[in-house]
Each structure stands twice: as C-alpha cells, then as structure tokens.
Amino acid sequence: MKVSESAKFKFILKLLGKEGYRAPIGQLNPSEKTRAPERESICRELADQGMVDYSYEIQKFGIESAGKALLQQDSELPLSEQHLRVLRACAQKAITPGDAKIPEPDRQPIIQDLAKKGFIKTEKVRIKEVWLTDEGRDRLRDEYSLNSTGLVSLGLVQNYLNFLRKAYRGTSVQTISAESMSAPESPSTPVEQDNQLTDKPTDQEVLQVIQQLDRELNTENYLPIFHLRQKLQPPFSRDELDQVIYRLQREDKIEMHSLIEAIHYTEAQIHAGISQDSSSPLFFISVSTSDSDLYA
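One point on numbering: in this note's numbering, the residue at position 152 of the sequence shown is 193, and numbering is uninterrupted.
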C-alpha cells in the first residue's frame, strides 16, 4: 500500500498532540477517511525511517518448519514448557493466542519470542501503541521537511509549534508526566523526575525499585504501575518495561492485580496499566512474600 508523505506528516502531527508523544494507534488517523490497514502502513513506514516505534500483538500465527523440527527432537528441548505448549497448539493449523491455553499475561511475550526465534510465522499482527523515538524528536526539531502540498489543519500545526517551543526551551517531555501521574485522592508524594535512572537496570534492580517506591509512597505492597513507569521510562521503553514485569511475574517475584475501581485515577494513569484482551488492565504490583526480606 502506497503511503503519501502528507499522510505520514499528519500522523506525526497527531502524535505530537498526545501526552508524552505516545498514543494508541486508533487515535492517530491522518483523516476521517483513513482506514486501519492504511494507518498501520503509515506507522510501519515511519518506524522503518526511525521516526516512531510501536508495540504490537500477534493475533494469528502458525508453526514454521524450524518449530516442527524442534518438536520432533528426542533430546531435552531448549524452551520452557509454555513455549512448547504454544508450538504444539499451532502444529496442525494457524491459531489465535487464546487457543494456546497459557495464562493471558504470558501469551504475547511467549508468542513474540517464538516469532523472533523463527519457530512460528505470524499471519495477523495488530499495532497497539505508537510513540515518537529520540531520533524522531531530533529530526522533527532540526531537519524534517515536507515535500507535499496536502492541507494541514491549524490544530495540527499548533501541535508542531508546541513541540518546537518545548524542544528549543530544552524541556524534557516524559512519557508520562509527574503532574498527570499524581492521583488527586492519593496523599502520596510523587517521585521526583530527577531521580530517574539513566542506565537500564537489571530485573533484580527493577524489583528493588518497586520496593523502594512502595516504601516511599506508602502503597502497602500494592503499587500502581504508573509510579514505576514514571521512574523507569526512560531508560526503558514501555514495551521493555512490560517485558521485565512479565519476567518477574513468571519467576514469582511479583504479582499483578487488575484495576477494579477506575474512578480514583486519571485517564493517563489508567492508560499506564498493562492491557488485557478480556478484562481490566493489570494495574497494581505486589512483591511476593518470598522476597519480603528485601524490604529489610
């Protein structure tokens, strides 16, 4: 599908109007007539150019010849039982994630890992969330030019002007701002942005950050995930932090709990949760009792 430069520019301008330059792809239509396949083509082209990045979910997949060969091995297989369960489930025909019969929080990390290793082939992929990359910010600020005569609304132009003002003032726009992440009903003191880490911590260090935030914010081992995103994004991207959380959960280091009462939180705070296909987002983090000695 051929994508016009004008459509890509409008897509970017829409993104510049979103908090933290991040949004679900459904909010980034260049025009009212843009259909989902075109929207995803625009996003992928911009990602290939380094302007944006995105998270995605695999909605349908089948086994590759490498996966079939792996299942036929007699020796000990170099994959977890859940990885093998997914491979066996799709051995005869293409399936959806729900057909794999593994816990919902584990589905996408395992399926995407198998796809990256070449054991399964994806037949349907849906882009979920899009964000502006550091390279994209630099290019928009310093060198981006539009070779198109397409009309752009004043609202979209204003998004670009606001972006340039912030860029040239040296204002750092976080993925989720401190102001938006502070729940009005909560007496907790927000974590200062200056305390953000610059290097990506290990999984164990992330666990320690969770415990530190729980102590500082007095959340009684029920930490809303937006506090962790505020602390660790950057250096992590949203998807990278999600993968760390999934690993800690699989290792029984933490437990995740869904959001039931959304009335006490802002839209941005709720959006910081980990979405699920059939229920409320995973929103609260509890450290497992086996690791409670780390609080000492």
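These aren't lab readings, by the way, just hints derived from the structure by calculation.
Bear in mind that the values here come from a model prediction, so they are computed numbers and not experimental data.
Using N, Cα and C, we set each Cβ at its ideal position, and we do this for glycine too.
Be a bit skeptical, because a hint or two may be false.
[Stated by the list, open to error] Computed spacing ranges between beta-carbons, pair by pair:
hint: 1; residue 1: Ile304; residue 2: Ser327; range: 41 to 49 Å
hint: 2; residue 1: Lys207; residue 2: Glu164; range: 34 to 42 Å
hint: 3; residue 1: Arg126; residue 2: Val166; range: 33 to 41 Å
hint: 4; residue 1: Arg76; residue 2: Ser327; range: 24 to 32 Å
hint: 5; residue 1: Ser316; residue 2: Arg210; range: 32 to 40 Å
hint: 6; residue 1: Glu46; residue 2: Ala208; range: 19 to 27 Å
hint: 7; residue 1: Glu296; residue 2: Leu112; range: 54 to 62 Å
hint: 8; residue 1: Arg182; residue 2: Asp293; range: 41 to 49 Å
hint: 9; residue 1: Glu292; residue 2: Asn259; range: 25 to 33 Å
hint: 10; residue 1: Ala208; residue 2: Leu118; range: 45 to 53 Å
hint: 11; residue 1: Arg256; residue 2: Pro322; range: 20 to 28 Å
hint: 12; residue 1: Glu302; residue 2: Ala208; range: 23 to 31 Å
[Unchecked claim] Once the Cα atoms are required to be at most 20 Å apart in a straight line, the calculated PhoX-like pairs of lysine-lysine come out as:
hint: 13; residue 1: Lys74; residue 2: Lys109
hint: 14; residue 1: Lys55; residue 2: Lys101
hint: 15; residue 1: Lys157; residue 2: Lys55
hint: 16; residue 1: Lys43; residue 2: Lys101
Could you tell me whether the CB distance from Ala208 to Leu118 stays inside 45 to 53 Å?
Because 50 Å falls inside the window, the suggested range holds.
Can the suggested window of 24 to 32 Å be confirmed for the beta-carbon pair Arg76 and Ser327?
violated, 42 Å
Pair hint outcome, Lys43 versus Lys101 [Cα-Cα no greater than 20 Å]:
violated, 25 Å
Are Lys207 and Glu164 spaced within 34 to 42 Å by their CB atoms?
With Cβ atoms ~41 Å apart, the hint holds.
Is the hinted pair Lys74 and Lys109 satisfied, with a Cα-Cα distance of at most 20 Å?
Measuring from Cα to Cα gives roughly 43 Å; hence the hint is violated.
Distance restraint evaluation - Arg182, Asp293, Cβ atoms, bounds 41 to 49 Å:
holds, 45 Å
Given the hint that Lys55 pairs with Lys101, does the C-alpha gap stay at or below 20 Å?
Roughly 29 Å between the alpha carbons, so the hint for Lys55 and Lys101 is violated.
Regarding Glu296 and Leu112, is the given constraint of 54 to 62 Å on their beta-carbon distance met?
violated, 32 Å
Confirm or reject the claim that Glu46 and Ala208 have a C-beta distance inside 19 to 27 Å.
holds, 22 Å
Holds or violated: the 23 to 31 Å window for the beta-carbon distance between Glu302 and Ala208?
violated, 38 Å
In this structure, is the beta-carbon distance linking Arg126 and Val166 contained in 33 to 41 Å?
violated, 21 Å
Can the restraint linking Lys157 and Lys55 be considered satisfied, given a maximum Cα separation of 20 Å?
violated, 31 Å
Violated hints, listed in ascending order, are 1, 3, 4, 7, 12, 13, 14, 15 and 16; each of the other numbered hints is respected by the structure.
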